[in-house]
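As they're listed, the protein sequences go chains A, B, C, D, E, F, G, H, I and J. Under the numbering used here, the first residue of the first sequence carries the number 251, and numbering increases by one thereafter. Under the numbering used here, the first residue of the second sequence carries the number 251, and numbering increases by one thereafter. Under the numbering used here, the first residue of the third sequence carries the number 251, and numbering increases by one thereafter. Under the numbering used here, the first residue of the fourth sequence carries the number 251, and numbering increases by one thereafter. Under the numbering used here, the first residue of the fifth sequence carries the number 251, and numbering increases by one thereafter. Under the numbering used here, the first residue of the sixth sequence carries the number 251, and numbering increases by one thereafter. Under the numbering used here, the first residue of the seventh sequence carries the number 251, and numbering increases by one thereafter. Under the numbering used here, the first residue of the eighth sequence carries the number 251, and numbering increases by one thereafter. Under the numbering used here, the first residue of the ninth sequence carries the number 251, and numbering increases by one thereafter. Under the numbering used here, the first residue of the tenth sequence carries the number 251, and numbering increases by one thereafter.
Careful, some of the hints might be misleading.
To be clear about the criterion: a stretch of chain G counts as covered by chain J if any three or more of its residues have a C-beta under 8 Å from a C-beta of chain J, and this derived list gives those stretches [unchecked claim]: (1) 324-336; (2) 354-363.
BS3-like cross-link-like pairs, simulated, lysine-lysine; straight-line CA separation at most 25 Å [said to hold, decoys possible]: (3) A/K311 with D/K285; (4) A/K308 with D/K367; (5) H/K285 with H/K308; (6) C/K308 with C/K285; (7) A/K308 with C/K285; (8) I/K343 with I/K308; (9) G/K343 with J/K343; (10) B/K308 with G/K343; (11) J/K343 with H/K311; (12) A/K285 with C/K343; (13) H/K308 with F/K285; (14) D/K285 with G/K285; (15) I/K316 with C/K343; (16) A/K308 with D/K308; (17) F/K285 with J/K285; (18) D/K367 with B/K316; (19) F/K308 with F/K285; (20) I/K285 with F/K308.
To be clear, the hints were calculated from the coordinates, so they are not data collected in a lab. Even glycine gets a Cβ: it sits at the ideal position worked out from N, Cα and C.
Protein chains: 10
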Amino acid sequence: MTPTRDMLEVFENQFPDRDYTIEITCPEFTSVCPKTGQPDFGTLVFTYIPDRTCVELKSLKLYLQKFRNEGIFYEHVTNRILDDLVAVLAPRKASLTAHFTPRGGISSRIISEYIRKM
Amino acid sequence: MTPTRDMLEVFENQFPDRDYTIEITCPEFTSVCPKTGQPDFGTLVFTYIPDRTCVELKSLKLYLQKFRNEGIFYEHVTNRILDDLVAVLAPRKASLTAHFTPRGGISSRIISEYIRKM
Amino acid sequence: MTPTRDMLEVFENQFPDRDYTIEITCPEFTSVCPKTGQPDFGTLVFTYIPDRTCVELKSLKLYLQKFRNEGIFYEHVTNRILDDLVAVLAPRKASLTAHFTPRGGISSRIISEYIRKM
Amino acid sequence: MTPTRDMLEVFENQFPDRDYTIEITCPEFTSVCPKTGQPDFGTLVFTYIPDRTCVELKSLKLYLQKFRNEGIFYEHVTNRILDDLVAVLAPRKASLTAHFTPRGGISSRIISEYIRKM
Amino acid sequence: MTPTRDMLEVFENQFPDRDYTIEITCPEFTSVCPKTGQPDFGTLVFTYIPDRTCVELKSLKLYLQKFRNEGIFYEHVTNRILDDLVAVLAPRKASLTAHFTPRGGISSRIISEYIRKM
Amino acid sequence: MTPTRDMLEVFENQFPDRDYTIEITCPEFTSVCPKTGQPDFGTLVFTYIPDRTCVELKSLKLYLQKFRNEGIFYEHVTNRILDDLVAVLAPRKASLTAHFTPRGGISSRIISEYIRKM
Amino acid sequence: MTPTRDMLEVFENQFPDRDYTIEITCPEFTSVCPKTGQPDFGTLVFTYIPDRTCVELKSLKLYLQKFRNEGIFYEHVTNRILDDLVAVLAPRKASLTAHFTPRGGISSRIISEYIRKM
Amino acid sequence: MTPTRDMLEVFENQFPDRDYTIEITCPEFTSVCPKTGQPDFGTLVFTYIPDRTCVELKSLKLYLQKFRNEGIFYEHVTNRILDDLVAVLAPRKASLTAHFTPRGGISSRIISEYIRKM
Amino acid sequence: MTPTRDMLEVFENQFPDRDYTIEITCPEFTSVCPKTGQPDFGTLVFTYIPDRTCVELKSLKLYLQKFRNEGIFYEHVTNRILDDLVAVLAPRKASLTAHFTPRGGISSRIISEYIRKM
Amino acid sequence: MTPTRDMLEVFENQFPDRDYTIEITCPEFTSVCPKTGQPDFGTLVFTYIPDRTCVELKSLKLYLQKFRNEGIFYEHVTNRILDDLVAVLAPRKASLTAHFTPRGGISSRIISEYIRKM
């Protein structure tokens, strides 16, 4: 079963008048390389300024776990998770940084950002 | 007994002509998750530019201890403490960062800021 | 497919006259908690004094990856992997340490050792 | 409600023929100083060689949480928790180290050990 | 004997045509809390762009040592030392950061800045 | 055989509408000093905002390995690798930082940047 | 007023049947060099196995503070504090380690131990 | 023999069209305090954007070694080395940071910068 | 050209009456995997008690550099270098530890020891 | 002027009945390589159990500074300083560890020990 954005639950932001930042760190992310079939491991840091809703942490955990056996490239997984979170939360601002462990002596970090157009 | 802002004592700022910054770090904050009833643990960093008053540290410690058995979400506790401190101190600028320890492999940081309107 | 010890390949130890130590660290181990169905994450350190054979690293990697969707407790997985490696390598001495990331604020380390009887 | 040892659940050790070590780290321990009424904070490390049973981690977490509003000195809490765990587990060997955060510029560590008499 | 700014000696800045920065770190600052009579400990970092004079380090050391038995609050001692140094040096820019060790689980940092008016 | 830019393979960027950053770290770079014939060792960090293509990591690894027996100065190797990557990727922005280990007690870091002209 | 051992208060050890260790760390020790009159700064670590009594931490803090203006050499202060603690506690075993900050580029550590004769 | 700028050798910058940065770290700098005759120890970090020439590292090492028995103050040595390097290299931009080890519990950092006038 | 032990030069130990230890660390070791043709990178630590001779460091560096393009397994290279050094130095005791960087998420350490038979 | 052991001053050990340890760390040692004429840099750690005398720290500092322009190999300087300190102090036990910074990518540590014969 592939992860879909409707797995992400939200709750109401009780401080919508203030711009404040929520940063969520998940050092236990794992997916599968679509080319080699080998597992990849990384740390995700999701940062956002909520508008009307905040993401519920348990649903986020379950959503991220669904990538466990999903074949997907570093660049795609980072942008796709950011897209899903932005679609569900409609935040004022958001970014996702994914840091993947070394393969063949080379490690990667993908940093993707979303800023709401006025 | 729930923590209230009248527990916070202040003393006179003796250098009101200068904008300077006071940063207070409390690595021993604990409250209770309202959903699961389990204790949460975090580190609070409160930073402000005082105007006429500074917060007295012992009263701040006692105020923060009152959250020990209080059921409250991460986002709310961070904004509520900032609101209480701003109400009592009327600072020129203030921010509160709360870093909570991992639950289910996920840790959170809430960063909230106040800037006085001119 | 469950991991079995016949996945582990060996090569001949070319220095059997000397007692020397091989230490292998795998920070990307993951399995599944049989109780909650949630993924567990850990770092394995396997140390041994080879007798006639050494473990081939790529086969060890593939063997460990097979635990990815296996429901198994911390204590069992540690002892089972040690048993498999000892059965295949017949080393003079061996130990396996598994360090699991925190759950509910508690982290665990299991340290298991094998010494060949004379 | 005061914590009692009957809160601690156990499960069967499936490798009783081997002496192996289980180390459990809890950085979120808190109790109350009986003299000042102020909260204390510490990190507990419990290490043991199981005989017939292992401690179930969730029950250990709930047992430790019960000290949250318990007035008890550093030395007593360390020895009492060790006594409770030894009574319930009857381990071959066990130790408990408790590291408490600084008060008045002084921090403390209590290290208590149990070795089964033959 | 209370510390006074005439204890601070200066020497001529030989590079007055260039804006450069001097940063001085003193991790061995100690004074006394005027409320409890207990000693406080901190690290001072003084940074400045010299104009015509630089502070002589030995005289600065002796001046800071004079706070050893002086009863004074965190906020005041930081601003007072900055005022003394600014009065003696007339620097183009200066700042003093004082980081005090934890009391009751809470540590403080005071950051004060001086910018010469044109 | 000297490394050439045609060794670098690319794949299509699937998120060309968004400016996002890819950072690649290679701590295992080695080349040869053209003056002394001695090996040099360094860590490369390549960061870029992709336009239509991303660099394929395995081809990058093989390209960098070709410098192993190449006699080339620090400054040249850094700028040459950046030039090759920019020529192949035509990124919106790119930088290469190379940190070389100490020789004669002195270590070096070269930081080179490319910004696409509009 | 010079520090004397009668300032040290004790309380009854409630676990006299067990050999356990108490380690107390004080990073805020300061005294005065008898030769130069300059303040010295150090960290003390006192470790002991209690017999019938444990040292009360607040009285220990006040006793150590009394060295603040006391002129005494590194070697003497370490052995003298150990002697005072041994005289008051009659522990089964005790040690005191004092680590002093650098003077003229040289730092010192004094490690003194007491073992009760049977 | 006192160090002079004619000891510094240069080589041609092969990438003059690009603004890039070269950072050179020397943790083994030593000179002599002109007041006390005692040796001083520090770490120098020299950063510059080259124009037509780069500094040859071996000649820089030999030049810096000449300060070994030179009596010179922190502030002067930092500005003098920067002046020498700027005179020889005519860089687009340059800075020198010198971090000296503690004396009497106080350490110093001097940060000096050069920007070419257009 | 393959590395041979006659490249290693020695000089006379001037303190043969005393057992003392020499530890040499080389974080810049590289060889080639004979299976994949890919470069391996590691840190070597050689420790020995000299008898009549010590190894000259420059000759050791040149000897180790000869492995740069040599296809050899981790276990073999470690034991072979130890054998070469023991043959040339005839030390009282010696050990070689080689720590190789991760491949496929797995890193290795080989620890080999030599003790002279009496 | 070459350093000689008569530069080392001692003072009376006031606790001769107890075996205690004094550890002295000097991170600012420098001498000259007799082969290349280049300066060497290292950290010395001297540890001893005093008998009737202790070494006076200022005289030790001045003695070590005399190696500044002395051409001497790593192994010799370590053993020579230990010999001088043992000759002057006649300690019950002593050791000297010297850690030298990397040259050509290789760093060294020499560990020499003295135990008094009964």
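For each hint, the structure was consulted:
1. 324-336: holds (count 4)
2. 354-363: holds (count 10)
3. A/K311 with D/K285: Judged against 25 Å, a Cα distance of about 42 Å means the pair is violated.
4. A/K308 with D/K367: 46 Å, violated
5. H/K285 with H/K308: Violated. H/K285 to H/K308 sits at ~31 Å, over the 25 Å cutoff.
6. C/K308 with C/K285: Measuring from Cα to Cα gives roughly 31 Å; hence the hint is violated.
7. A/K308 with C/K285: Distance of about 17 Å is within 25 Å: holds.
8. I/K343 with I/K308: Within the cut-off at roughly 22 Å; holds.
9. G/K343 with J/K343: Holds: G/K343 and J/K343 sit about 22 Å apart, inside 25 Å.
10. B/K308 with G/K343: 38 Å, violated
11. J/K343 with H/K311: Measuring from Cα to Cα gives roughly 40 Å; hence the hint is violated.
12. A/K285 with C/K343: Violated - the C-alpha atoms of C/K343 and A/K285 are around 38 Å apart, more than 25 Å.
13. H/K308 with F/K285: 11 Å, holds
14. D/K285 with G/K285: 42 Å, violated
15. I/K316 with C/K343: 33 Å, violated
16. A/K308 with D/K308: Measuring from Cα to Cα gives roughly 18 Å; hence the hint holds.
17. F/K285 with J/K285: 21 Å, holds
18. D/K367 with B/K316: Distance of about 46 Å is beyond 25 Å: violated.
19. F/K308 with F/K285: 31 Å, violated
20. I/K285 with F/K308: 17 Å, holds
The structure shown violates the earlier hints numbered 3, 4, 5, 6, 10, 11, 12, 14, 15, 18, 19.
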